[in-house]
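This is what each chain is made of:
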Amino acid sequence: MQKTDVLIVGAGVVGCAIARELSKYQLRVMVVDKNEDVGGDASKSNSAIIHTGYDAAPGTLESQLVVAANPMYDRLTQDLEVPFKRVGAILPAFTQEQFETLFAWKEKAFHNRVYDVEYLTAEELLQMEPNLNPEVRGGLYIPREGIIDPFLLVVALAENAQQNGVDFLLGTKVTGMKVRQERVTRVETTHGEIEAAFVVNAAGLYNDEIAGMVGKADYYVSPRKGQFFVLDRKTACRVNHIVLPIPTKTTKGKLMCPTIHGNMLVGPTAEDLSDKLDKSTDEAGLNSVEADVRAMIPGVRIQDAITQYAGLRPQRNPEGLRVDRYDDVKNFLNLSGVRSTGLTASAALGKYAVQCLQEMGLELKCDPQFDPRRKAIPLLRDMTQEEQDQIMQREPLYRRVICRCEVITEGEIVAAIHRPIPARSMDAVKRRLRVGMGRCQGGFCGPRVIEIMARELGVPAEEIQKNEKGSYMITGRVR
Amino acid sequence: MFHVQCDVAVVGGGPAGLSAAVAAKKQGAQRVCIIERDKSLGGILQQCIHAGFGMTYFRQELTGPEYAARFITLAREQEVSVLTDTMVLRLEEDKRLICASGEHGLTEVCAGSIVLSMGCRERTRGSIRIPGTRPAGIYTAGAAQRLMNCQNKTVGRRVVILGSGDIGMIMARRMTLEGAQVCAVVEIMPYLAGLTRNRVQCLDDFDIPLLLAHTVTKIVGRERVEGVWVQRVDEKRAPVEGTEHFFECDTLLLSVGLIPENELTAAAGIEMAPITNGPVVNQHMQTSNPGVFACGNVLHVNDLVDHVSAESEIAGRAAARYALGTFGKTLREAACEAGKGVRYVCPQRLCIGEDLEETAMLYFRVGAPMGAGEIKVESGGHVVASRRISRANPGEMEKMAVRLGDVAGDTVTVSVEPREEKQ
Numbered sequence: 001m002q003k004t005d006v007l008i009v010g011a012g013v014v015g016c017a018i019a020r021e022l023s024k025y026q027l028r029v030m031v032v033d034k035n036e037d038v039g040g041d042a043s044k045s046n047s048a049i050i051h052t053g054y055d056a057a058p059g060t061l062e063s064q065l066v067v068a069a070n071p072m073y074d075r076l077t078q079d080l081e082v083p084f085k086r087v088g089a090i091l092p093a094f095t096q097e098q099f100e101t102l103f104a105w106k107e108k109a110f111h112n113r114v115y116d117v118e119y120l121t122a123e124e125l126l127q128m129e130p131n132l133n134p135e136v137r138g139g140l141y142i143p144r145e146g147i148i149d150p151f152l153l154v155v156a157l158a159e160n161a162q163q164n165g166v167d168f169l170l171g172t173k174v175t176g177m178k179v180r181q182e183r184v185t186r187v188e189t190t191h192g193e194i195e196a197a198f199v200v201n202a203a204g205l206y207n208d209e210i211a212g213m214v215g216k217a218d219y220y221v222s223p224r225k226g227q228f229f230v231l232d233r234k235t236a237c238r239v240n241h242i243v244l245p246i247p248t249k250t251t252k253g254k255l256m257c258p259t260i261h262g263n264m265l266v267g268p269t270a271e272d273l274s275d276k277l278d279k280s281t282d283e284a285g286l287n288s289v290e291a292d293v294r295a296m297i298p299g300v301r302i303q304d305a306i307t308q309y310a311g312l313r314p315q316r317n318p319e320g321l322r323v324d325r326y327d328d329v330k331n332f333l334n335l336s337g338v339r340s341t342g343l344t345a346s347a348a349l350g351k352y353a354v355q356c357l358q359e360m361g362l363e364l365k366c367d368p369q370f371d372p373r374r375k376a377i378p379l380l381r382d383m384t385q386e387e388q389d390q391i392m393q394r395e396p397l398y399r400r401v402i403c404r405c406e407v408i409t410e411g412e413i414v415a416a417i418h419r420p421i422p423a424r425s426m427d428a429v430k431r432r433l434r435v436g437m438g439r440c441q442g443g444f445c446g447p448r449v450i451e452i453m454a455r456e457l458g459v460p461a462e463e464i465q466k467n468e469k470g471s472y473m474i475t476g477r478v479r
Numbered sequence: 480m481f482h483v484q485c486d487v488a489v490v491g492g493g494p495a496g497l498s499a500a501v502a503a504k505k506q507g508a509q510r511v512c513i514i515e516r517d518k519s520l521g522g523i524l525q526q527c528i529h530a531g532f533g534m535t536y537f538r539q540e541l542t543g544p545e546y547a548a549r550f551i552t553l554a555r556e557q558e559v560s561v562l563t564d565t566m567v568l569r570l571e572e573d574k575r576l577i578c579a580s581g582e583h584g585l586t587e588v589c590a591g592s593i594v595l596s597m598g599c600r601e602r603t604r605g606s607i608r609i610p611g612t613r614p615a616g617i618y619t620a621g622a623a624q625r626l627m628n629c630q631n632k633t634v635g636r637r638v639v640i641l642g643s644g645d646i647g648m649i650m651a652r653r654m655t656l657e658g659a660q661v662c663a664v665v666e667i668m669p670y671l672a673g674l675t676r677n678r679v680q681c682l683d684d685f686d687i688p689l690l691l692a693h694t695v696t697k698i699v700g701r702e703r704v705e706g707v708w709v710q711r712v713d714e715k716r717a718p719v720e721g722t723e724h725f726f727e728c729d730t731l732l733l734s735v736g737l738i739p740e741n742e743l744t745a746a747a748g749i750e751m752a753p754i755t756n757g758p759v760v761n762q763h764m765q766t767s768n769p770g771v772f773a774c775g776n777v778l779h780v781n782d783l784v785d786h787v788s789a790e791s792e793i794a795g796r797a798a799a800r801y802a803l804g805t806f807g808k809t810l811r812e813a814a815c816e817a818g819k820g821v822r823y824v825c826p827q828r829l830c831i832g833e834d835l836e837e838t839a840m841l842y843f844r845v846g847a848p849m850g851a852g853e854i855k856v857e858s859g860g861h862v863v864a865s866r867r868i869s870r871a872n873p874g875e876m877e878k879m880a881v882r883l884g885d886v887a888g889d890t891v892t893v894s895v896e897p898r899e900e901k902q
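Same order as they appear, the protein sequences are chains E and U.
Quick note: the first sequence uses the working numbering, first residue 1, plus one each step.
Quick note: the second sequence uses the working numbering, first residue 480, plus one each step.
Check the hints yourself; a few may be wrong.
Said to hold, decoys possible - Once the Cα atoms are required to be at most 25 Å apart in a straight line, the calculated SDA-like pairs of lysine to any residue come out as:
{"#": "1", "chain 1": "E", "residue 1": "Lys234", "chain 2": "U", "residue 2": "Pro753"}
{"#": "2", "chain 1": "U", "residue 1": "Lys518", "chain 2": "E", "residue 2": "Lys173"}
{"#": "3", "chain 1": "U", "residue 1": "Lys697", "chain 2": "E", "residue 2": "Arg381"}
{"#": "4", "chain 1": "E", "residue 1": "Lys173", "chain 2": "U", "residue 2": "Thr612"}
{"#": "5", "chain 1": "E", "residue 1": "Lys279", "chain 2": "U", "residue 2": "Glu723"}
{"#": "6", "chain 1": "E", "residue 1": "Lys34", "chain 2": "U", "residue 2": "Glu723"}
{"#": "7", "chain 1": "U", "residue 1": "Lys715", "chain 2": "E", "residue 2": "Lys279"}
{"#": "8", "chain 1": "U", "residue 1": "Lys697", "chain 2": "E", "residue 2": "Ala270"}
{"#": "9", "chain 1": "U", "residue 1": "Lys878", "chain 2": "U", "residue 2": "Gly804"}
{"#": "10", "chain 1": "U", "residue 1": "Lys518", "chain 2": "E", "residue 2": "Lys234"}
None of these hints come from the bench; they were simulated from the model.
Because the structure is a prediction, the values reported are computed rather than measured.
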């Protein structure tokens, strides 16, 4: 049986942030996830925004965490070499009714201690965003809202945690927990039992199922689907900022923003579902995204979409982001209701969770060996001509461009397959490097990537998966 | 950085590049260099192991690799130099190409003129917006073809093919021969997208159903495709309620169109044409950058490789003349326009010089299938060329030659009108 000081259930952005935070101390830390890769669910399919928390409900834990987390991203993304940019958000009002709510939104921002929100006139807005509907009457500017690569954030947190001693058990599902004398004594998984002094539930969409294993079933988590379009980098109608609609009670609404890689992102819907596996897009949802965003950006070219996707936000019922400790399960920390703002909140949640664990009795001794820096895979497309020349001399695999849309070489792909948190599926490579994420969507590089993966992993091509087990690409050999 | 100096640099060693390179050499260019990203020449022809190539150009039916081999031999005989396993990263001003070469690392190719012949890529699921899940088992037909014919891998057992393009139909037959069951070829338009002969040889001969005016409306499956929903569509291509049919399958192949591969062209600031998605060229296949020429599928998507070879010779000869400084002067220009019944005309411009006996070939496609008709080329209020046809299809390219001395106005308009059949 494996033993650990802390077992984190879930390798999404929250689980990985907690793991990295714990890796600063002299502890044995283990992360388990049912998926084959880190960041496989809500952490990968979202709007990739680092929020300020200006619109959160003041006084809530969610507000506190998001507002505290936002300033951490400059340092964090520098240490972890994750692409991040504070492009700022605008909140335009198009009707008199909307215009009149701006005051309340600014006041809300103030109560959330987001003091740098400013009013903008229609002229200023149109100058900042020439493609905005000219009927705009005025709006707000939220300067510290940022865009990030969400996949790389999770991968980088996990890799840094791993380098600092955290063990990741991927493709390992928690199937049960034994509670004795008010403590979790054993965690049963599909790969054997684990004995942990403390257990952290960061299972996102499946948080309720894990909590149920220790008898905490006074709430449930339901998926709230969001459907998005990703537009080609070459699309003519672009925005420079995150263009947010005025939020409603249920959702922040459908936005348009640049991605950190220069595409345009349009979405999401907010649809309450019951099936936690239903990540399908549908015509009605996609049409509603198009219609709503067109009201703000009339010239948006949805025909330039290179892909559509849907993500599931873990919606807690009753609502709210919660970090719970229990008198009757003393070593179990439960993080539930981490939804849209979770990507942002994760940086603060990592620290918050560690503080809770300390209060629960976890002894924290600083690890002098801790290295906060994680080196990214060097990307040919980001290099100067001299650097390109040098890396090609040094590493011949960098001479072979495999993905021509995103200009990714065999060198980068091989590196991703052999990283501390290895990319072991087509989608895992894609999430780390954008191979196949460009306009040809893998039509050209797909067959070549299969070949490289099979060679590097030493398995037949038939065993290469697109994503999770069962998503095989190849059915056999030509006769 | 490795340096290469040449008269004519050809980007892409598929049928267009090979033909242009050979023609440039024959025209007198001393140093002609093909830059090819794959490990061998031939381009997409190498994965097209079926026959049907060369009937016009060689008057003989060849397979794709055989057709390619003929040109590779010609290129070798003409001493065309080749950089394989090399991809062009950037086309800089002053006709310099920055490349990543498997053998030499970062490489700079300086040329007197450049021929762009990068071919095309396939449209994807994202660009045609099929709702549903995103499982494994959705391939563009060309990607599946490469896996089967170059990597010896099969991609599925029960297949639905969306789009009746030529590669889609050819893959329907190919997968059937490999023991897969092709449930249907589904086409959103009320007519075939590819060549009629491919329908006969690839679908009819194998009893593969062709569903015209139908489309895939939803993809089902968690990890691997489990099936697709197919629906009939009305005249506006909107799905008709009540016509839903579920096909259980593990694979969906997409043959929904090809897009010229013009990343390099657009990044170099060369003027592009909206309908063809290729650069704007004149009859010498010269782009808005005078030393840069384009030919083959990078210019406009062709249905027959034979046309590509012929058209690319024009580009190769012109590029050689440009590099040698013998390119003729232009005295006046005329714009080629698509008239009634015509979707586009390529080249988009005619440059008229001193030689009024020079003829220019106009390539074009009709907008919709039609029966007997007449092609007319008009300029300055006169019909300067015309030809009767028995039928025309958007999937089959038409061409007309025009004598430059006959071009009277600023425009040359190509139109196609139906003709009354006389008993």
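Hint check:
This hinted pair checks out: E:Lys234 and U:Pro753 have alpha carbons roughly 14 Å apart, not beyond 25 Å. This hinted pair does not check out: U:Lys518 and E:Lys173 have alpha carbons roughly 43 Å apart, beyond 25 Å. With a C-alpha separation of about 36 Å, the suggested pair U:Lys697 and E:Arg381 falls outside the 25 Å cut-off, and the hint is violated. A C-alpha spacing of about 23 Å is found between E:Lys173 and U:Thr612, which places the hinted pair at or below 25 Å, so the restraint holds.
Proposed proximity of E:Lys279 and U:Glu723 is supported: the alpha carbons are some 21 Å apart, at most 25 Å. Taken as a hint, the E:Lys34 and U:Glu723 pair is broken in the structure, with Cα atoms around 36 Å apart against an allowance of 25 Å. A hinted pair counts as satisfied when its Cα atoms are at most 25 Å apart, and U:Lys715 with E:Lys279 does not qualify at roughly 29 Å. For the hint linking U:Lys697 to E:Ala270, the alpha-carbon distance of about 20 Å falls within 25 Å, and the restraint holds.
For a cut-off of 25 Å, the pair hint linking U:Lys878 to U:Gly804 is broken: about 30 Å separates their Cα positions. Taking the CA atoms of U:Lys518 and E:Lys234, the gap is about 30 Å. The hint is violated against a cut of 25 Å.
Violated hints for the displayed structure, listed by number in ascending order: 2, 3, 6, 7, 9, 10.
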